[in-house]
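As you go down the protein sequences, you meet chains V and H in turn. Residue numbers 1 to 300, in my numbering, belong to the letters of the first sequence in order. Residue numbers 1 to 436, in my numbering, belong to the letters of the second sequence in order.
Check the hints yourself; a few may be wrong.
[As the list claims (entries may be wrong)] Partial list, computed: chain V residues near chain H (C-beta under 8 Å):
# : residue
1 : TYR77
2 : GLU81
3 : TYR231
Source of the hints: derived by calculation from the structure; they are not laboratory data. The beta carbon of each residue, even a glycine, is placed where N, CA and C say it ideally should be.
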Amino acid sequence: MNTIELREVRKSYDRFLAVDDLSFSIEEGAVFGLLGPNGAGKTSSIRMMIGITVPDAGSINVFGQPFDRKCLQKIGYLPEERGLYKKMKVLDQLIFLGELHGLSAAAARQKAVSWCERLEISDWLQKKVEELSKGMQQKIQFAATLLHDPAFIIMDEPFGGLDPVNATLLKDVLLELKKQGKTILFSSHRMDQVEKLCDSICLIDHGKSVLQGQLKGIKAQFGKNNVQIEYEGDASFLRQNALIKSYNDYGNYVEARLAPGADPQQLLRAVVEHARVSRFELMEPSLEEIFTEVVGKSDA
Amino acid sequence: MRNIFLIAKREYLERIRTKSFIIMTVLIPVLMGAATIGPTFLMMSMMKATSKHYVVVASDQDVGEAIKAQLSEAQKRENKQAAEAKQKGMKRSEETPTASVIADVDTNTSSEERARLTEKVRKKEIDGVIWATDDALASRKLTLITLDVSSFIQNTVLQESVGEALHRESLKRKGLSAAEIDDLFKHVELVAENAKPGEAGAADPQMTFIVSFVMVMILYMSTLLYGINVMRAVLEEKTSRIMEVMLSIARPKEMMAGKILGVGSVGLTQFAIWAITAMVLSSSSLFAAHEQLKDVISGKVLAAFPVFFLLGYALYSTLYAAVGAMVNSEQEAQQTQFIVIMPLIVSIMMAFPVMQNPGTPLAFWASMIPFCTPILMFIRIAVQTPPLWQILLAVAVNLLTLYGLVLLCARIYRVGILMYGKKPTLPEIIKWLKYA
Chain V
1 MNTIELREVR KSYDRFLAVD DLSFSIEEGA VFGLLGPNGA GKTSSIRMMI GITVPDAGSI
61 NVFGQPFDRK CLQKIGYLPE ERGLYKKMKV LDQLIFLGEL HGLSAAAARQ KAVSWCERLE
121 ISDWLQKKVE ELSKGMQQKI QFAATLLHDP AFIIMDEPFG GLDPVNATLL KDVLLELKKQ
181 GKTILFSSHR MDQVEKLCDS ICLIDHGKSV LQGQLKGIKA QFGKNNVQIE YEGDASFLRQ
241 NALIKSYNDY GNYVEARLAP GADPQQLLRA VVEHARVSRF ELMEPSLEEI FTEVVGKSDA
Chain H
1 MRNIFLIAKR EYLERIRTKS FIIMTVLIPV LMGAATIGPT FLMMSMMKAT SKHYVVVASD
61 QDVGEAIKAQ LSEAQKRENK QAAEAKQKGM KRSEETPTAS VIADVDTNTS SEERARLTEK
121 VRKKEIDGVI WATDDALASR KLTLITLDVS SFIQNTVLQE SVGEALHRES LKRKGLSAAE
181 IDDLFKHVEL VAENAKPGEA GAADPQMTFI VSFVMVMILY MSTLLYGINV MRAVLEEKTS
241 RIMEVMLSIA RPKEMMAGKI LGVGSVGLTQ FAIWAITAMV LSSSSLFAAH EQLKDVISGK
301 VLAAFPVFFL LGYALYSTLY AAVGAMVNSE QEAQQTQFIV IMPLIVSIMM AFPVMQNPGT
361 PLAFWASMIP FCTPILMFIR IAVQTPPLWQ ILLAVAVNLL TLYGLVLLCA RIYRVGILMY
421 GKKPTLPEII KWLKYA
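Kindly generate the complete structure, drawing on both the sequences and the hints.
Below you can see the structure in the form of C-alpha cells.
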C-alpha cells in the first residue's frame with residue numbers, strides 16, 4: 001500500500017504556479033526524499049498533503065484513501081519554520097501537542113518524558129522554551145512530531161541548524177523509526193544530507209517533478225563517471241582536457257565529471273604526468289550533480 | 001470540538017498563571033477606584049482647608065453688609081451639605097471641618113483704594129476684592145479681583161451670593177420684612193419619581209449616573225483589553241511560527257474559536273474575582289455605602305453585565321483575531337486596529353447622550369446598531385430599563401452580526417495566518433474572502 005499518493009496535483013497562488021501537475025507516491029515503510037532548490041514547491045506540496053491548503057486540481061490519497069482530516073492523527077509533521085510557544089514550559093507544551101494529536105493527557109505526558117530521555121533533553125522539561133538554545137528547541141520540536149507515534153512522518157529540512165552530534169542523534173532515531181516500519185518523507189534543499197538516508201526520491205524544480213524513482217536506480221542510470229582526484233602540484237591542465245566535461249576545484253581535491261565515453265584510465269595517466277596523485281577514485285555522481293545536470297538539460 | 005477545548009484550555013491556563021493577570025486583577029479596581037473617588041476626596045480635602053478672606057467694596061455700607069451676610073450664609077449652607085454627604089457616604093462622622101468666610105466691608109471707592117487692595121490680593125494677604133460700587137451696581141456688572149480667576153466653583157458661588165444679596169437688599173428697600181424675604185428665597189427641591197410601579201424610584205440619580213458610568217467604562221476597557229489580547233495571541237502564534245505546527249492538526253476555525261473562548265474565559269474569571277471581592281467587602285461594615293449602591297446596581301444590571309460583556313467581547317475579539325492574522329508585527333497591528341476601535345469609540349461618544357436621555361428614539365436606534373449595542377444597551381438597562389423586546393431584539397441583531405462576522409473573519413484568518421511579509425491591501429483581503 002502507498003502511504004501517500006499525489007496525482008497531478010496543482011496549486012497556484014495568485015498568478016504564481018507553485019506546484020505544477022506533481023505526481024508521486026511513497027510506499028509504506030520507505031524513506032522518501034522530496035528534493036529541490038528553495039522555492040521549488042516542496043513546502044507547498046507538503047501543505048497540501050496535510051490539509052493546510054487544498055489543491056486546485058489533482059488528488060491526494062493518504063493511507064490508501066482520499067485525504068481526510070482524521071488521518072492527521074497518524075501523521076507527524078516537522079515544519080521547516082520551527083515554532084513553539086515561547087512562554088510555555090517544555091513538558092506542558094509537549095502534552096498539549098500530544099493531546100491535540102489524540103493522546104490522553106496521561107499518555108502524552110508519559111510519551112513526552114520518554115522521548116525527551118531518548119533525545120537527551122530530560123533536564124529541560126520544566127524550563128520555558130524561550131530559555132533554551134535553538135538546537136534544544138529543535139529537539140523538542142522533533143519530540144513533538146513523534147509523540148503520538150505517527151505512521152507517516154514528514155520532516156521539512158530536519159537537519160537545518162543542528163550540530164553534527166545532534167544531527168547524528170536525530171538520524172539514528174529516524175533510522176530506528178524506519179526499522180519499525182514507519183514511512184518517512186524528507187524535504188530538503190540540502191541533497192547531500194538526505195541522500196544517505198533515502199530509498200527513493202523525487203527531484204522537483206519550479207513545481208514540476210524532474211526526476212524520480214529509486215535512488216539506486218537513478219544513480220546507476222547516471223553511471224560511475226565522476227572522479228575525485230587528490231594531488232600535489234598544478235592541476236590547471238584539467239581546464240582544457242577533452243576527457244573532462246566539467247570539474248569543481250575544492251582546494252584539497254578536485255571533483256571532475258568525465259566526458260561521455262571518456263576512459264578514466266586515460267585521465268589517470270594524464271594527471272600523473274602533471275601532478276603527484278595521492279588519491280584517484282571513481283565515484284557515483286552526487287544527487288546535487290544529477291540535479292544540476294537534469295535541470296540544466298530541461299532549461300536548455 | 002476537542003481541539004477547540006484543548007486550545008481554549010491552554011490559552012486560559014497560560015494566561016491565568018501569568019503575573020500580569022494577577023497584577024491587572026488587583027490594579028484595575030484600584031485604578032478605577034482612584035479615578036472615581038480620588039477627585040472627590042481631593043475636592044473635599046481642598047474645601048476643608050480653605051478659609052477665605054474677601055473685601056467687599058461698596059459705596060453704600062448697607063449693600064456691603066448684605067453681601068457679607070450672604071457670603072457667610074452660603075458658606076454655612078455648603079458646610080451643612082458637606083456634612084450630610086459625609087454622613088451618607090461614610091459612617092465615620094468625624095467632626096466636619098467648617099470652612100469659613102471672612103468679609104470686610106470697605107466704603108472707600110477711590111481708585112487708590114482699588115490699587116491698594118489689588119496689591120494685597122497679589123501678596124495673598126486677602127483672597128479677593130468684590131467691587132460693588134454704585135456705578136458697578138447700576139451697570140449690573142461687578143468685578144472680582146482675585147488670583148484664581150479660573151476657579152469656576154468659587155466664582156459661581158460668589159456670583160450667586162452677591163446676586164442674592166443685591167436682590168434681598170432691593171426687596172428690603174421696597175419695604176418687605178426680613179421674614180417675607182427669607183420666604184421668597186427658600187430653596188426649592190425637585191425630586192424625580194419613577195412613573196413605573198414597582199421600580200425603585202428613590203435611587204439617587206447622581207449615584208445611578210456615576211455607577212452606570214463606572215460599569216460602562218469597565219465594560220469598554222475590558223472589551224478592548226481582551227480583544228487586543230486575542231489579537232496579540234494570534235500575532236504571537238504567527239510570528240513564532242507555531243501556526244504551522246498547529247495547522248498540521250487543527251483547523252484554522254478551531255484555532256480561532258479556541259483562542260477567543262480561552263481569552264474570554266480569562267475575562268470572565270477576572271470579573272468573577274472582582275464581583276466576589278466586592279461582595280465580601282460590602283457585606284462587612286467597611287463600606288456603609290453599599291446600602292445605597294444596592295439601590296443602583298440591581299440584579300438586572302448585574303445579570304446584564306456579563307451578557308453584554310460576552311456579546312461585545314465576541315464581536316470585537318473576532319475582528320481582532322482577523323486583524324492579528326492579517327498583520328506581521330505589533331506596529332502593523334497598531335496601525336490596523338483603529339478599524340476595530342472605531343465603533344467602540346462611537347459607542348463611548350454616544351454613551352453620554354444615551355445616559356441622559358435613555359428613552360429617546362436616538363437612544364433606541366443607537367442601541368440597536370451592531371457593535372454599539374453592548375455598551376449602549378447596557379447603559380439603557382442601567383439607567384432606565386427598556387422593554388424586554390427591545391433588549392432581545394438588540395441581542396438578536398448582534399448575534400446575527402456575530403454569525404456573519406465569524407464566517408468572514410474565519411476566512412481572513414485562514415489565509416492570513418500563512419501569509420508572511422508585507423501587510424495585505426484591502427483588495428487582497430477581499431480576494432482572501434473568495435478563496436475556497
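Check your understanding: If you take the shortest Cβ to Cβ gap from TYR231/V to chain H, is it below 8 Å?
Key -> 47 Å, violated
Exercise for review: Under 8 Å, Cβ to Cβ, is where TYR77/V needs to be relative to chain H, so tell me if that hint holds or is violated.
Suggested key: Holds - the Cβ of TYR77/V comes within 8 Å of chain H, reaching about 4 Å at its closest.
Review point. Per the CB criterion, is GLU81/V less than 8 Å away from chain H?
Key: 4 Å, holds
Of the numbered hints listed earlier, the single one contradicted by the structure is hint 3.
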